[in-house]
Every structure is written in structure tokens, then in C-alpha cells.
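Colleague: Read off the chains here:
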Amino acid sequence: MQSYISIENLAKSYGVVSAVNNISLGIEKGEFFSLLGPSGCGKSTLLRMIAGFETPTSGAIKLEGADVTDVPAHRRPTNMMFQSYALFPHLTVGRNIAFGLQQDGLAKSEIKKRIDEVAEKLQLAAMLDRKPAQLSGGQRQRVALARALVKRPKVLLLDEPLGALDKNLRTETQLELVRLQRELSLTFIIVTHDQHEAMTVSTRIAIMKQGQVLQVGTPSEVYETPQSRYVAKFLGETNVFAGGRAQRNGDELQIESDEAGGRLHAAFTDRVALDAPYWVSVRPERVELATSGSGLEGTVEQLTYTGVERHYRVRLKSGATLDARRVNHGTESDLGVGDRVFASWSPQASRLLAE
Amino acid sequence: MSTVATSFEKANWGKRLLIAIPYAWLLVLFLAPFALVAGISLSTVRLGMPPFEPLTAWDGSILNLRLNFENFLYVLTDDTYLLAYLTSLKIAAISTAAMLLIAYPLAYGIASCAPSSRSLLVFLVIVPFWSSMLIRVYSWMSILRNDGLLNALLLKLGLIAEPLRILNTETAIYIGIIYTYLPFMVLPIYSNLSSADKTLIEAARDLGCSRISAFWRVTFPLSLPGVLAGCALVFIPVVGEFVIPDLLGGADTQMIGRAIWLEFFNNRDWPMAAAVTIVLMALLVVPIVYFQSRQSRERT
Chain Z
1 MQSYISIENL
11 AKSYGVVSAV
21 NNISLGIEKG
31 EFFSLLGPSG
41 CGKSTLLRMI
51 AGFETPTSGA
61 IKLEGADVTD
71 VPAHRRPTNM
81 MFQSYALFPH
91 LTVGRNIAFG
101 LQQDGLAKSE
111 IKKRIDEVAE
121 KLQLAAMLDR
131 KPAQLSGGQR
141 QRVALARALV
151 KRPKVLLLDE
161 PLGALDKNLR
171 TETQLELVRL
181 QRELSLTFII
191 VTHDQHEAMT
201 VSTRIAIMKQ
211 GQVLQVGTPS
221 EVYETPQSRY
231 VAKFLGETNV
241 FAGGRAQRNG
251 DELQIESDEA
261 GGRLHAAFTD
271 RVALDAPYWV
281 SVRPERVELA
291 TSGSGLEGTV
301 EQLTYTGVER
311 HYRVRLKSGA
321 TLDARRVNHG
331 TESDLGVGDR
341 VFASWSPQAS
351 RLLAE
Chain D
356 MSTVATSFEK
366 ANWGKRLLIA
376 IPYAWLLVLF
386 LAPFALVAGI
396 SLSTVRLGMP
406 PFEPLTAWDG
416 SILNLRLNFE
426 NFLYVLTDDT
436 YLLAYLTSLK
446 IAAISTAAML
456 LIAYPLAYGI
466 ASCAPSSRSL
476 LVFLVIVPFW
486 SSMLIRVYSW
496 MSILRNDGLL
506 NALLLKLGLI
516 AEPLRILNTE
526 TAIYIGIIYT
536 YLPFMVLPIY
546 SNLSSADKTL
556 IEAARDLGCS
566 RISAFWRVTF
576 PLSLPGVLAG
586 CALVFIPVVG
596 EFVIPDLLGG
606 ADTQMIGRAI
616 WLEFFNNRDW
626 PMAAAVTIVL
636 MALLVVPIVY
646 FQSRQSRERT
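Chains as they are written, first to last, in the numbering used here: chain Z, 1 to 355; chain D, 356 to 655.
In case anyone wonders, no lab produced these hints; they're calculated from the structure.
None of these values were measured; they are calculated from a predicted model.
All residues carry an ideal CB built from backbone N, CA and C; glycine is no exception.
Among the clues, some could well be false.
To be verified - Stretches of chain D that chain Z covers, calculated by requiring three or more beta carbons in the stretch to come under 8 Å of a beta carbon on chain Z: (1) 400-411; (2) 543-557.
As the list claims (entries may be wrong) - Quick list of in silico lysine-lysine cross-link-like pairs, DSSO-like style, CA-CA up to 30 Å: (3) K131/Z x K112/Z; (4) K233/Z x K317/Z; (5) K131/Z x K154/Z; (6) K209/Z x K511/D; (7) K511/D x K108/Z; (8) K553/D x K62/Z; (9) K113/Z x K167/Z; (10) K553/D x K154/Z; (11) K167/Z x K370/D; (12) K29/Z x K317/Z; (13) K108/Z x K154/Z; (14) K131/Z x K553/D; (15) K113/Z x K154/Z; (16) K167/Z x K112/Z; (17) K62/Z x K131/Z; (18) K112/Z x K154/Z; (19) K112/Z x K553/D.
Turn these sequences into a full structure, and let the hints guide you.
Modeller: So, in C-alpha cells, the structure goes:
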């Protein structure tokens with residue numbers, strides 16, 4: 001089945017440097033899709049190719065089945081919200097928002113109606129006569145969003161849209177973006193390097209590295225079942241131990257790990273090949289620490305209090321470190337630095353990673 | 356707390372001193388001579404040295420102040436001067452417009468080059484300044500003469516049958532002025548365009564502008580401060596230009612700079628020359644104030 005937006009074997013290189021390397025992706029109508037990765041992973045280049053600012057070296061971009069690869073930016077039914085906002089400093093807020101509508105040759109009354117509508121939605125009604133320089137960062141961000149949304153694009157592209165906002169405003173704005181996206185039932189594609197942001201806003205996330213897409217999935221899919229150590233580490237924190245071949249034992253898989261200094265357990269799935277070595281990944285919040293019992297033995301090396309949680313760093317007998325977390329329930333920690341502990345987790349918390 | 360206050364005051368005094376030096380310079384070398392010229396414009400011509408009557412004279416215990424406004428009345432009613440003013444303004448306006456048309460694409464072209472080649476291109480714009488302006492204007496005389504380089508070339512190419520008379524015409528004045536002043540128009544426009552935010556153009560394209568309409572709706576309006584600075588840098592000195600019309604122009608094109616020179620050195624009528632100068636200043640204040648207010652408005 002053809003996706004709403006389909007990216008087919010897309011590549012972009014600058015001379016010998018390959019920025020985007022043979023990416024294929026399908027994005028459905030009404031999705032809030034994230035391109036997530038560190039800087040230089042090609043996510044912005046990919047977004048700019050969808051917008052029409054960069055010409056792909058090879059491959060195709062299709063929108064509703066129509067090939068738009070060679071359509072220039074100004075004729076594409078996409079609009080972009082820039083990282084720097086790119087508001088026109090010589091025009092008032094109202095004229096900034098009207099810019100694209102005037103370019104489309106809409107009637108004055110229609111332009112006014114649409115501006116009022118979007119200004120209402122984004123609380124900009126009181127500042128239509130101001131110049132961008134007179135606005136706060138958050139207000140500018142809303143103007144940039146209004147200017148792109150007022151054109152009613154088929155796809156709204158957001159390039160690190162919240163990077164310039166401070167943390168509290170950013171969280172607030174993320175929720176606001178999700179609300180808007182649902183309300184307008186538009187397709188959003190956002191580029192971000194912030195995994196929290198991607199998890200918060202997205203219906204699906206594509207994790208990118210060095211011009212390639214490593215994994216695509218819903219936030220819980222990519223967090224709970226990462227397919228590589230890179231994805232596991234990039235999304236949140238995790239403990240990874242190199243292990244040997246997996247042995248099946250009923251519903252369970254057993255892996256000997258010298259790094260962890262013991263036998264690790266994982267739930268059996270038929271996706272696991274029994275003749276290859278694996279890495280075992282476990283999230284710190286799934287690790288349980290006890291002063292006695294079974295599991296990996298170690299000592300608490302560091303204890304950090306963050307308010308929401310306590311973070312424990314455990315030095316295992318094997319020499320490796322293991323991170324664990326406990327939600328703060330208002331009680332004092334029974335574990336302190338230097339205490340001997342046993343770390344364990346349920347087999348379902350283990351992820352076997354082939355790469 | 357007190358150390359903060361003193362260091363702040365020190366900085367403040369340093370700042371004042373920095374500003375005071377150029378102001379003192381302007382006061383001594385511009386305002387004072389200007390006051391002298393203004394004084395001379397109100398006196399009466401006489402034979403001798405200096406060639407004008409003093410404005411004040413003691414009559415016993417009475418100090419008489421004698422201000423002669425005849426020169427101003429003459430300047431403002433005489434057709435020759437009026438024509439010279441109008442000619443100067445016309446030549447300045449037309450050559451400013453022509454320079455803008457030449458300089459803008461040039462500056463735009465340089466600004467859109469790769470940063471590595473930009474500095475070379477800007478350098479080439481400034482290169483003519485390395486030789487004296489007078490020498491360059493003299494070179495134009497030999498280029499534009501009836502038996503000069505230009506005519507020789509055109510004759511050789513068979514484009515004309517007999518030499519064109521360019522030297523000592525208004526055309527030669529335009530050529531000389533545009534050639535001489537062009538860098539002053541190019542540089543401020545270039546400096547503005549090269550620091551322009553390229554993502555604004557992308558934003559305009561994204562919102563539906565073709566390259567051409569993105570230029571007219573975004574690039575050009577945002578470059579207006581540079582355009583205005585260039586126009587001011589060129590228009591104001593060209594109105595009072597003396598060397599170029601004197602060397603390249605003909606007897607029939609009287610610009611006001613030349614009129615002042617003739618009045619001072621040929622007629623030795625200093626009061627009249629001073630009055631012509633003062634009126635020219637008054638005329639130029641209008642565009643200067645206009646450019647200044649536009650600039651400060653652009654900034655807000």
C-alpha cells in the first residue's frame with residue numbers, strides 16, 4: 001500500500017560526503033512523525049529534501065502517490081517551520097502570517113479571516129501589529145507556527161522548532177503542538193535531537209545515524225524493543241552487557257555474560273537465533289536491587305537523588321557498572337554508598353540485541 | 356560596590372573622551388570654518404586682502420554690525436545660479452539612480468558568491484582608490500577625447516564613421532561621476548546583502564515565492580538601509596562635485612561646485628562665493644535629514 005508520504009531510496013551527498021544514505025520511509029496521513037538523531041545524522045537534510053530546499057542525489061519523494069522530487073519548494077504543498085523561525089523582520093506579525101496567503105493571491109477578506117482564525121488559535125490576536133523584534137522567544141515561535149499553518153499545508157515540517165525555548169516553555173509547547181496537530185488532523189514531520197521531545201510528541205519515530213534510518217516505530221516500540229545497542233542507548237539510558245550464545249530453557253533464554261559476571265535471563269521469542277552471540281540490554285528502571293538474594297553481586301558506588309528518583313550506580317564483581325533507579329516514594333533509601341547489593345530483573349525486561 | 360561604581364565611571368569617561376576627540380576635530384575643522392564662510396557670505400566685497408569688508412566696525416564707542424544680504428538675494432534670484440543648482444541636483448539624481456542600477460546587481464552578485472572569492476571581488480571594487488582620483492579623471496580625458504582611445508576603438512570596429520564628441524559634454528560628466536563614485540554605492544549595499552539571513556529567502560520560497568518574488572518581497576526591502584546609505588554617500592558629494600565637471604564637462608554644463616570655484620578664484624568675489632556655498636549647504640540638509648530619518652526608522 002502506498003503511504004501518504006513515501007520516501008524511496010533517497011540519497012544526498014555533497015561531493016564525497018554522504019549526508020543521507022539510501023533512506024526509504026513511509027509516513028501516513030495524520031501522523032506526527034519524528035526524525036530523531038544526533039547532529040550531523042542527516043535528519044535536517046532529509047527534512048529539507050522533503051521541503052524542496054535540497055535536491056536529492058538519487059531516489060524519490062512521493063506525496064499522495066505523486067512524485068514531487070523535482071517540484072520546487074514554492075510549489076510544494078508543504079510548509080516549514082524553521083529552527084531560527086525565519087520571521088521577516090521588516091513585516092509585522094500580521095503581515096508575516098499573511099505573506100504566504102498573499103503570494104497565493106487570496107482575496108483580502110479571506111486572508112483576514114484566516115489570519116484571525118490562526119491568531120485566535122495561537123493567542124496572537126493582540127500582537128498582529130507588532131514587529132518580530134518586539135516579541136519574546138515563545139511568541140516568535142507561535143508566529144512562525146501560525147505563518148506555516150495558515151497556508152493549510154498537507155504536511156507541516158518542523159526543524160528543531162523548540163530548540164530556542166527554555167525547558168519549561170518547551171514542555172508546554174510540545175503538548176500544545178500535539179493538541180494542534182490532532183485538532184487540525186494534519187501530518188507533521190519534526191526533526192529533533194531531543195529524545196524526550198520525540199517521545200512526547202510523536203506517533204512514530206525514525207532514529208537516524210550517519211545518514212541512515214536505524215529503526216522506525218511508535219515511542220513505546222522503539223523504547224521497549226530497540227533493535228540495536230545504538231537505539232537502546234540513544235533513547236533513554238540502558239545497561240548493555242556483551243554475552244555469548246543464547247540457550248533455550250523452556251520459555252526462557254539463558255545467556256552467559258562475562259562482562260556482567262553471571263548468567264542473564266530473557267524471555268524466549270522465535271526472533272532470536274540460537275547460534276549467534278547477543279548483547280543484553282536492560283533499562284535502569286527495570287533493575288531491582290536487594291541487600292540479599294540472587295542476581296549479580298556488586299557494591300553501590302554512587303547514589304544520586306533527583307527528586308523523582310534515586311539513581312544507583314553499582315560496581316559489579318565483574319568490574320562492569322550497572323545503573324538502577326527507584327521511584328521516590330518518600331521513604332529514605334535503605335541502600336547507601338558502599339553497601340553490598342544483588343541486582344536482578346525479570347526475564348521480560350531483558351532485550352537481546354544482535355548489533 | 357564602590358569599585359564597581361568607579362570602574363563604571365571610568366569606562367564612561369573613556370567613552371566620553373573617545374567621542375570628544377572626533378567632535379573636537381569636527382568643531383575646529385568643520386564648524387569653525389563654516390562659521391567663517393557664513394560670516395563672509397554676509398559681508399561686502401572689496402579690493403585688497405582679505406577681499407571683503409569686516410562685519411563689525413567701531414564707530415567711536417559704538418560697535419556697528421553690518422550684515423549684507425545682497426549676495427543671498429542675488430543668488431536666489433539670478434538665473435545662472437538657479438540653473439547651476441538645478442543642473443547639479445539633476446546630475447546628482449540621475450547619476451545616483453544609474454549607480455544604483457549598476458551597483459545593486461554587482462553587490463548582489465558578489466554577495467552570492469562563495470565567501471572565499473568574495474573578498475577578492477570586493478578588493479577589485481576598491482582597487483581604483485589606489486591611484487589618485489585626479490589621475491583617474493585625467494585618464495578619462497584621454498579615453499574620451501576626439502582622438503582618444505574610445506573613438507579609436509569604435510572607428511576601428513567600424514561602429515562609427517567619424518569621432519564622437521564626448522569629452523566636454525554632460526555625458527562625459529556622467530561617465531566620470533559614475534566611474535568615480537560607484538564603489539561608494541557598491542560597498543554599503545554589498546555589506547548589507549552579505550550579512551542577510553539566507554533562511555529568510557528559504558522561508559519566502561517555502562511560503563510560495565518564486566526566486567524573483569522572494570527577491571522583491573524579502574531581499575530588496577531588507578537591503579534598503581544599504582541602498583539608502585549608498586545613495587547618501589553618493590548623492591551628497593556629487594551635488595558639490597567640482598573636479599569632474601571642470602575636467603570632463605563643457606562650458607555649457609555649469610555645476611554649482613564649479614560656479615563656487617569661479618566666484619572665488621576668477622571673480623575674487625568671496626562674499627558671493629560664500630553665499631552660493633551656504634545655499635548649497637541648505638539644499639543638501641534636506642536629503643541628509645531625509646536619509647538620516649529613514650535610516651533610524653529602518654532600525655526600529
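Colleague: Hint by hint, where does the structure go against what was stated? Just the numbers, ascending.
Modeller: 1, 6, 7, 9, 11, 12, 16, 17
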